Amino acid sequence: MMIGAGILKGMAVTGRNFLGSYFEKDRLTTVQYPEERSPLPENSRNFPFLVFDTDDAAAGLRCVACKICEKECPPQCIYIVKSAEKKPDYMGKPQFYPATFDIDISVCMSCQICVEVCPFEAIKMDKVYELSRRERFDALLMRKDELAKSNTYYHGIHPLEAATVDANLLAAAEKKKPAPAAAPPPG
Amino acid sequence: MSATGFQELAQAPPRITSRFDGELLEVSMGPQHPSTHGVFRMNVALEGEIVRKLKPVFGYLHRNHEKIGENTSYLGSMPYTDRLDYFCSMTNNWAYALSVEKLAGIEVPERAEYLRVILAELTRLVNHTSLLGFLLSDMGAWGTPLMYAFREREHVLDLFESLSGSRMMCDYMRFGGCRVDLPPGWMEHARKIVDNFPRFLDEFEKLITGNEILIARTQEVGKLSAELAINAGITGPGLRASGVNYDIRKVDGYGIYPRFKFRVPLGDHGDCYDRLMMRVLELRESLTILHQAMDQLPAGPIMNPKVKLRAFKPPVGEAYGRIEGPKGELGFYLISDGTGNPYRYRVRPPSLINLTILEDMCLGHTVADVMVILGSIDIVMGEVDR
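So the sequences go chain by chain: A and B. For the first sequence, the positions run 1 to 187 when our numbering is used. For the second sequence, the positions run 1001 to 1386 when our numbering is used.
Only chain A is shown next, with the shape it has when bound in the complex:
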């Protein structure tokens, strides 16, 4: 066989791909990014945020400053200061709350171990990705007020997961109801 036939055969493949890219969708997979965006899958995760119920971000935080996520975070990017006194949470139960809750998302590696270990369903993964900042040092250090996002927002980004979480929380609340409310919560 003639030397060069293999090269020509390869060129035919390239040509088919080039021409095919005008007609077949799976040969042209590029998306023109700032104008077009490919949708993120439901499970997509980026950086953690804190969920709050009701409309008040300060009063409705689910976090009770138990510091489990701070301890388990592999790159140690969470910093929590527990409040000195308890105040009623969104269900009216007296609870501790985080006086300070910082996540340095320039250190965070999006492993979502904080989400897994949280017993209160208080911390979840966000999907935002355009996070570049002009400042060099603490612009990506997220404070409590930046991290707090409503349960409605959570339902918007992870609908299936949020529905399961809500059902679990409701079931847990139902379970606790028959017992006298006088028992103080642990912690």
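The reader is advised that the hints may include incorrect statements.
Derived DSS-like pairs (lysine-lysine); straight-line CA-CA distance at most 30 Å [as the list claims (entries may be wrong)]:
{"no.": "1", "chain 1": "A", "residue 1": "Lys-93", "chain 2": "A", "residue 2": "Lys-82"}
{"no.": "2", "chain 1": "A", "residue 1": "Lys-144", "chain 2": "A", "residue 2": "Lys-93"}
{"no.": "3", "chain 1": "A", "residue 1": "Lys-86", "chain 2": "A", "residue 2": "Lys-175"}
{"no.": "4", "chain 1": "B", "residue 1": "Lys-1308", "chain 2": "A", "residue 2": "Lys-176"}
{"no.": "5", "chain 1": "A", "residue 1": "Lys-127", "chain 2": "A", "residue 2": "Lys-149"}
{"no.": "6", "chain 1": "A", "residue 1": "Lys-82", "chain 2": "B", "residue 2": "Lys-1313"}
{"no.": "7", "chain 1": "B", "residue 1": "Lys-1306", "chain 2": "A", "residue 2": "Lys-176"}
{"no.": "8", "chain 1": "B", "residue 1": "Lys-1261", "chain 2": "A", "residue 2": "Lys-71"}
{"no.": "9", "chain 1": "B", "residue 1": "Lys-1313", "chain 2": "B", "residue 2": "Lys-1102"}
{"no.": "10", "chain 1": "A", "residue 1": "Lys-9", "chain 2": "B", "residue 2": "Lys-1308"}
{"no.": "11", "chain 1": "B", "residue 1": "Lys-1261", "chain 2": "A", "residue 2": "Lys-9"}
{"no.": "12", "chain 1": "B", "residue 1": "Lys-1261", "chain 2": "B", "residue 2": "Lys-1102"}
{"no.": "13", "chain 1": "A", "residue 1": "Lys-71", "chain 2": "B", "residue 2": "Lys-1313"}
Stretch-level coverage of chain B by chain A, calculated; a stretch enters the list once three of its residues show a Cβ under 8 Å from a Cβ in chain A [what the hints assert, rightly or not]:
{"no.": "14", "stretch": "1147 to 1154"}
{"no.": "15", "stretch": "1160 to 1171"}
{"no.": "16", "stretch": "1201 to 1213"}
{"no.": "17", "stretch": "1259 to 1265"}
{"no.": "18", "stretch": "1376 to 1386"}
These are computed hints drawn from the structure, not numbers from a lab. Please read all numbers here as calculations on a predicted model, not as lab measurements. We put the beta carbon where it would ideally sit given N, CA and C, even for glycine.
Chain A is fixed; fit chain B onto it per the hints.
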């Protein structure tokens, strides 16, 4: 086409005899060389164009992985394993989970075992496809094959993202199972991608296999004898290309691999061409495993309910878990002293150990061949330097 006509042209290295004698020229290739797959440097002593000495220099990407592992909880090391070989986070997760499971004697539910096999084989698809692209781009087929390969790889990464949330840093497996169950529609999506994959493979083979330039650049280049491969501890496709039948999926039968029917492709010559073709053949075998695993996937839990991930303290002891990663034998050696952190955490990286024979393979070849040989070993610097 049969390549025999051209094979004669490609035989008997070194094809260029040096006109220079005595004086050696020392060239430092890397660490920013585009073909070194990351930050890897080679000090090459050249006689004319022929390599007479080669000294690999690495450590530019050292991140203290093992020491971090000793100072982190068992769970906390899992996301770090993603960052070893960042092309194959799923298999890294599996190897680490396997050794922790051995250490603590944890059972894994049936469904999780199947999911692990499916994801590990998908990872093999990702790794081998991108290797084909990279290797060709090292040879000078700059761009085109790499883009075709990356297009296919992206389909599989979409699967990973919709399952685990991240394209590359999956952090999906846990000791005692897997983290989340399949989202609705995932399996249909995966089947579509697996069914479409042979089409890409056929096209890719048409693009490269008969190509005279590729044959001239790879056949008889970087020959590795079976004896040297065994003595140097080479594993994975590089070992099998030299004709040694050693696949840990068959030898150890970890997970549920004994249930699947697949063949282990073996090479004849141990040159770069064999190592390249080994990847294509392994891709086809991976597809048969994927088809079997997807058909047999049972329902059930994906996590052993007895395992407490937080404050996980395995009993005192040691364990070595190893799997057949896409690059070779990936093992984790753990010593537990009964506390929440491992006393010793050691990775047996296939990339590093496969890289040790680089000099033996390169001697007598030209500088341009060094890149092809390095590309055919299949290294990722994240795993070499750790």
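Hint check:
no. : hint                    : in the structure
1   : A:Lys-93 - A:Lys-82     : 17 Å, holds
2   : A:Lys-144 - A:Lys-93    : 21 Å, holds
3   : A:Lys-86 - A:Lys-175    : 23 Å, holds
4   : B:Lys-1308 - A:Lys-176  : 23 Å, holds
5   : A:Lys-127 - A:Lys-149   : 12 Å, holds
6   : A:Lys-82 - B:Lys-1313   : 27 Å, holds
7   : B:Lys-1306 - A:Lys-176  : 24 Å, holds
8   : B:Lys-1261 - A:Lys-71   : 45 Å, violated
9   : B:Lys-1313 - B:Lys-1102 : 13 Å, holds
10  : A:Lys-9 - B:Lys-1308    : 57 Å, violated
11  : B:Lys-1261 - A:Lys-9    : 34 Å, violated
12  : B:Lys-1261 - B:Lys-1102 : 25 Å, holds
13  : A:Lys-71 - B:Lys-1313   : 15 Å, holds
14  : 1147 to 1154            : holds (count 3)
15  : 1160 to 1171            : holds (count 8)
16  : 1201 to 1213            : holds (count 9)
17  : 1259 to 1265            : violated (count 0)
18  : 1376 to 1386            : violated (count 0)
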